[in-house]
Structures are given as C-alpha cells and as structure tokens.
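Undergrad: Sequence:
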Amino acid sequence: MMTPRKETVKNPRVRIAPSPTGYFHIGTARTALFNWLFAKKYDGKFIVRIEDTDKERSKIEFEKDIIEQMRWLGLTWDEGVEVGGDFGPYRQSECLDLYEKYLHQLIEKKRAYYCFCSAEELEIKKQEMMTRGESPRYDGSCRNLSADVIEEKLKNKIPYVIRIKTPDKKISFNDMIRGKVEFDCSLFGDQVIAKGFREPLYNFAVVVDDHHMRISHVIRGEDHLSNTPKQIVLYEALEWETPEFGHLPLILAPDKSKMSKRFGDVSVAEYRRTGYLAEALFNFIVFLGWHPEEKPGEVIKEILTKEEILESFDMKRVQKGGAIFNVDKLNWINSEHIKKLSINDLIEKSLPFLEESFGKEIFTDQKYLKKVIELHRERVKKLSDLTELIGYFFNLPDYPKELLVWKDSILENTKGNIDFLINLLSDLKNDNFTKNQLEVIVMPEAEKRGRGELLWPLRVALSGMKNSAGPFEIMPILGKKETLSRLKIALEKVQ
RNA sequence: GCUCCCGUAGUGUAGACCGGCCAAUCAUUCUAGCCUUUCGAGCUAGGGACUCGGGUUCGAAUCCCGACGGGAGCACCA
1 MMTPRKETVK NPRVRIAPSP TGYFHIGTAR TALFNWLFAK KYDGKFIVRI EDTDKERSKI
61 EFEKDIIEQM RWLGLTWDEG VEVGGDFGPY RQSECLDLYE KYLHQLIEKK RAYYCFCSAE
121 ELEIKKQEMM TRGESPRYDG SCRNLSADVI EEKLKNKIPY VIRIKTPDKK ISFNDMIRGK
181 VEFDCSLFGD QVIAKGFREP LYNFAVVVDD HHMRISHVIR GEDHLSNTPK QIVLYEALEW
241 ETPEFGHLPL ILAPDKSKMS KRFGDVSVAE YRRTGYLAEA LFNFIVFLGW HPEEKPGEVI
301 KEILTKEEIL ESFDMKRVQK GGAIFNVDKL NWINSEHIKK LSINDLIEKS LPFLEESFGK
361 EIFTDQKYLK KVIELHRERV KKLSDLTELI GYFFNLPDYP KELLVWKDSI LENTKGNIDF
421 LINLLSDLKN DNFTKNQLEV IVMPEAEKRG RGELLWPLRV ALSGMKNSAG PFEIMPILGK
481 KETLSRLKIA LEKVQ
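Quick note on numbering: the working numbering labels position 369 of the first sequence as 369, and the sequence is numbered without any gaps.
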C-alpha cells in the first residue's frame, strides 16, 4: 500500500473549506483535523474559509455550528473567518469582485468562452452520449462562436454560462497520499466555471481562493480526486502555480457505503451531545485511515492526547482505502479518555448531562456527587450513560418485587433475609458505616446464608437494578438512614 | 455506461517501496476462564485475515498481468 512520495515540507499553508449547507459533519471534521495536524507538524498556517457560493443552501446557522464544533474539538486557525488575516476575505460570498476580474481575464485571453446552450438541449445530448457508452461531456458548440454572434446574443439577452477551454490532453499530478494519478481531460471537456460574472461555480472559486490565499497543499476528501484535473486546467489557464494535492480516504458507514444520514449520527454536535469527549473524538477520528509508526517490539499506544498525536503524525502513513466508522472503537476510546480525566473534570463535564435529566437542585451536595461519580467512572462509555447508572442515588428506585429474589430462591427466603439485614445493620453505629466495617459484619452472615441469598436482595433493595455497583460501595455513600429505609421498602414489597 | 481510486481477521491496522526473518503484528470486537452477589473494570487463554487466477522466482502478502469485489466521481451542487 505504501508508495514513496516526496516530502520536504516547510511552512505550508493549508485550509479547510467547508460549505455551510449542513451541520459540521464528521467527515469535514476529519479533513480539518488532518489539515490542522499537517500545518502544526510542519510549522505552517491553517486557514478556515467558508465556501458559501451556493446561495440557496448556505445558512449562517450552519456556519456558526461549524465554527463552534471546530473550537470544541480544539482546532485553532491562524487565518480565516472570525480571526481575519492578510489574504481575506475568507468567505467566498465576499470575494465576488475577484472572481469577476479573473472571469473577464480568461475570456479576453480566449481561455474561456460564453456558452448559450440551454440546459434542456444539454441534458438531451448528455443522455445520448451516455447511451452511446461515452463519457458525458460538452460538445463544444459555442467554443468558437464569432465575436459578432456573441455580441448579438448578449445584446438579445440570451442566457449564458462561462466555460473553460479544456485542452485535449492527459493531466497527471503527484498526490501526497496516492502517488501519481492521471486523468484524460477529453473525458470531461469544457466545464462551466460560472453562471455569470458574479456567480462563480465551485471548481473555479476554489482555484481563485486557493491561489489568493497562497495555499500550498490542498488536503481534502477523496471525493474531490476527480475535481483535481479540472482545477489544474484552471491553474494552467490562469498561469498560476498548482499547489500539492493530497486526497484522504473517505469515512465509510459499517456497510461500506458513504457515511451519510442513513447511518445514525453524522454531525459532530450530535456526538458531543451524546457524551463523547472532544479529545476522544479527536483521537478516534485521526485513527480513521491513519496509524502511528510501530516500533519493533513496542506495543502501539492507541489512546493518545492531541500532543502525542502531533508528535507521531506523518502524512506518509495515511491509508488509501476507505475507513469504516466503528462505534465500538469510539466507545472504547471514549471510556479510556474518561478514565484519564481527573474526578473534578469528570464532574464538570458530566454535570450538564445530569442536570438535564435530574434538574439542578439535586446536585447541591458536591461531596455526595463526587463519591457517586467516582464509584461509576470505570463503567462509563459515554457521559450520557451516567444518568442511568447513578439515578438511584438521587431518586428512590422503583422495581418489581420479583427482582429481589436471588436466582432460584423463593420469596419467603428473600423476606427473611431482608428482615435479618435490617436488624443486623440497625445495630451498627453511624461511624461504622464504612465499606470495611460493613464487609466485616455482613460477609460472615452471607457465607452462612449463601452469598447470593443475602447480597443480591441487599443490592437490589439499594439500587433497584439488575446491574449496579456492589452493596458495600453503595451503602457508605447512601448512609445508614437511607440504607435502612430502602431495606424497609423492600420488605414491604415482599410482605 | 465511462473514468479514477482501493482490496491483510467483524473493525482499525503492521508487514509491501528494498521478495526469504510472516505457519503474518498490534489494538478493538467476539468466546472461554479467573475474580465477583450482579454488571462493569481488571487479569489469563483462545478464535478470526493475506479476494481469486495466472506469471516472474529456488522462494510471493510483498513484483507483473488479468479477473472479481468495494468505493468515489462523471452538474448551470459543493
């Protein structure tokens, strides 16, 4: 899979150019991340440009989301929207004068031309070519219109678009990830580059912007691979130097189809709301199609901080094949990052989730909350899990009485054991309500009566759950009074 | 239909450039055991892959060709 590529990079200028036509997508996040990493690694600049030439679909709400989520992920940019810079504007809708200028230049130099063909006739021709088994391309009808004819049509206000003259040749470029890639230009022909002088289309606007922002390396998704020759045609027509290109493999859904709405969550905000940590998502995403170098005899570390990732990052190790988004792995990475968090950080990050479920009032006792969270931190995959895990510490559990009965035991035994426990624990002093003391008192009895027989109903009475932390951990936190009260409730249930 | 890209366990990957050290690495997942009242965590063990067919070679996961499979693109979207 490895292809040798040249790599002597210094002070690169790279960019992420999202279009605000949807919420910040996990795929865009990855492209942003690799660009950011590349810039940091080689002491370059990372630029954020908003591609909002599609007036119909672009929304400010999406732009805000993109910026917010990038910040959340810990990405910082040197130039771009919100931070400014010397090569702006960084929003395509504000660069219209620039596009217009080059459009005129291209037409004057006869590298581009007016095309008066209607969309309908083009569609028919396209279908014909497809049925003939040819690659659909413009037939060049308007390519050599005389100046008189053009003037005439313009005067009569015949609608037009602007097309670039594509040379009949092969174009190849050296992709940073894929090595040499070659395309035959005759297959796509003269592309429309603008609908009008102030209505540039994507491929043209990108080229103008990248050139003006002095972008040295264009790192983007593989879906842009076949746009690259079209853009190179423009660089050549404009007599500009082409940047380096690098095409990242796509992120795929588990069925290997393109990551899309069909596969659950695709927006970064959604993962954030579900309780994934920014550093975990960062860690996970970077491992989609990339791995640090394995040193002989060394176990590869997969739980990495941003700094560690930066340390071992190398563009040469990016894979070519699409990477499947594996939620299991994300969950594991997230739980590992949660374990690394300090208890105070964990509380701070969990609180919004807890408050949403239980309300704010419940969390006035910080010490109590701290103990509860400490007890569960190793069981948490996502912060949102915490809500279910610790509910019984804040609300009285509700459960069917059958749950109190251990395996094949009977209600009578359960009743007797709960009654026994109430008496046993009532005699204990408040001070002795610690994990150790409780074990000393209760365990010998559990051995006599059967561990499950005694401990299972104890735990269920306290937590109301089939799976929960152990009774000796729960009791000290709940305290003697609450413990006894819950046991009495259990007793009533089985009466 | 045409073009381009890709093809190592369920998943992410190492190995490939420079063929032998590969009866193939690491992680995750899965299974079992230990621990344990349950679950989780932890520990231990195990399962699981070079897409196929030719060629080159003493020797191929690795080089070459072909097939097959998957993906992306082919707009007056970005």
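A hint or two may mislead.
DSBU-like cross-link-like pairs, simulated, lysine-lysine; straight-line CA separation at most 30 Å [what the hints assert, rightly or not]:
1. Lys-435 to Lys-371
2. Lys-340 to Lys-301
3. Lys-360 to Lys-301
4. Lys-110 to Lys-165
5. Lys-340 to Lys-40
6. Lys-170 to Lys-155
7. Lys-466 to Lys-40
8. Lys-55 to Lys-170
9. Lys-41 to Lys-10
10. Lys-339 to Lys-349
11. Lys-157 to Lys-126
12. Lys-382 to Lys-466
13. Lys-256 to Lys-110
If you're looking for bench data, these hints aren't it; they were derived computationally from the structure. Note that the structure is predicted; figures quoted are calculated from it, not measured.
Undergrad: Against the 30 Å threshold, does the CA-CA distance of Lys-339 and Lys-349 hold or violate the hint?
TA: 13 Å, holds
Undergrad: Is Lys-55 within 30 Å of Lys-170, Cα to Cα?
TA: 34 Å, violated
Undergrad: Is the Cα-Cα distance between Lys-340 and Lys-301 30 Å or less?
TA: 14 Å, holds
Undergrad: Compare the distance between the alpha carbons of Lys-360 and Lys-301 with 30 Å, and conclude whether the hinted pair is satisfied.
TA: It is violated: about 39 Å lies between the C-alpha atoms, which goes past 30 Å.
Undergrad: For the pair we were handed, Lys-435 and Lys-371, check the Cα-Cα distance against 30 Å.
TA: 13 Å, holds
Undergrad: Run the distance test for Lys-340 versus Lys-40: straight-line Cα separation, threshold 30 Å.
TA: 25 Å, holds
Undergrad: Measure nothing beyond the straight line between the CA atoms of Lys-382 and Lys-466; if it is 30 Å or shorter, mark the hint as holding.
TA: Holds: Lys-382 and Lys-466 sit about 20 Å apart, inside 30 Å.
Undergrad: Against the 30 Å threshold, does the CA-CA distance of Lys-110 and Lys-165 hold or violate the hint?
TA: With Cα atoms ~8 Å apart, Lys-110 and Lys-165 stay inside 30 Å; holds.
Undergrad: Below or equal to 30 Å on CA atoms is what counts here, so check Lys-41 against Lys-10.
TA: 9 Å, holds
Undergrad: Given the hint that Lys-157 pairs with Lys-126, test it: the Cα-Cα distance must not exceed 30 Å.
TA: Holds - the C-alpha atoms of Lys-126 and Lys-157 are around 25 Å apart, at most 30 Å.
Undergrad: Take a quick look at whether Lys-256 and Lys-110 sit within 30 Å of each other, Cα to Cα.
TA: 45 Å, violated
Undergrad: For the pair supplied as a hint, Lys-170 and Lys-155, confirm whether the alpha-carbon distance does not exceed 30 Å.
TA: Cα-Cα ~37 Å, so violated.
Checked against the numbered hints given earlier, this structure breaks hints 3, 6, 7, 8 and 13; the rest are met.
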